[in-house]
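Trainee: Sequence:
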Amino acid sequence: MRYADPFRDAGRPETTDHDFLLNCSCGAEQRMDEMTLDETGPITLYECKRCTKSIAGVMTDDPDLEIHAPQSMTRLQERAGHHLRGYIIGSRVDVALRPEGGERDLLLIPATPYFFVQYLSL
Numbered sequence: 026m027r028y029a030d031p032f033r034d035a036g037r038p039e040t041t042d043h044d045f046l047l048n049c050s051c052g053a054e055q056r057m058d059e060m061t062l063d064e065t066g067p068i069t070l071y072e073c074k075r076c077t078k079s080i081a082g083v084m085t086d087d088p089d090l091e092i093h094a095p096q097s098m099t100r101l102q103e104r105a106g107h108h109l110r111g112y113i114i115g116s117r118v119d120v121a122l123r124p125e126g127g128e129r130d131l132l133l134i135p136a137t138p139y140f141f142v143q144y145l146s147l
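Heads up: the sequence shown begins at 26 in our numbering, then just goes up one per residue.
For the record, the hints were derived by calculation from the structure and aren't laboratory data.
Honestly, I wouldn't trust all of these hints.
[Said to hold, decoys possible] Simulated crosslink set (EDC-like; lysine to aspartate or glutamate; CA at most 16 Å straight-line): (1) K74 x D86; (2) K74 x D58; (3) K78 x E64; (4) K74 x D87; (5) K74 x D34; (6) K74 x E59; (7) K74 x D63; (8) K78 x E54.
[Said to hold, decoys possible] Using C-beta positions, here's what the derived DEER-type ranges look like: (9) D119 x R37: 26 to 34 Å; (10) G36 x V142: 12 to 20 Å; (11) C76 x G36: 31 to 39 Å; (12) L132 x E59: 31 to 39 Å; (13) R129 x P67: 31 to 39 Å; (14) V142 x C76: 26 to 34 Å.
None of these values were measured; they are calculated from a predicted model.
Note that the Cβ used here is the ideal one computed from N, Cα and C, for glycine as well.
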């Protein structure tokens, strides 16, 4: 499972992890395909290439895993990820959908640090 999968399923079949750009809190700017993947659990985690901290993740949207307030009842910074086409994506920092060579972001996906609090114990 990859961060780009929900976007491919939503009608952007050309989307790859290389199209997503983010800046880790350690200062490293990187594309998701440059990051180390941890696929040992139900969440695919993306680790920073410099500090190795998990800063983004993707998992299948399993209703049995929803253990807190519904998304519509929480403030944006407390959301446990973004739901898209049967997946949940989350990150500690904002993620930009900006294909290489693009001059601007096609989409800015806001950080959802609570994603890691809610789901990493699975």
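Trainee: Hint by hint, note whether the structure agrees.
Mentor: Each hint tested on the structure:
no., hint, verdict
1, K74 x D86, "violated (27 Å)"
2, K74 x D58, "holds (10 Å)"
3, K78 x E64, "holds (14 Å)"
4, K74 x D87, "violated (29 Å)"
5, K74 x D34, "violated (27 Å)"
6, K74 x E59, "holds (7 Å)"
7, K74 x D63, "holds (12 Å)"
8, K78 x E54, "holds (14 Å)"
9, D119 x R37: 26 to 34 Å, "violated (19 Å)"
10, G36 x V142: 12 to 20 Å, "violated (31 Å)"
11, C76 x G36: 31 to 39 Å, "holds (34 Å)"
12, L132 x E59: 31 to 39 Å, "violated (19 Å)"
13, R129 x P67: 31 to 39 Å, "holds (34 Å)"
14, V142 x C76: 26 to 34 Å, "violated (19 Å)"
Consistency with the previously given hints fails for numbers 1, 4, 5, 9, 10, 12 and 14, ordered from lowest to highest.
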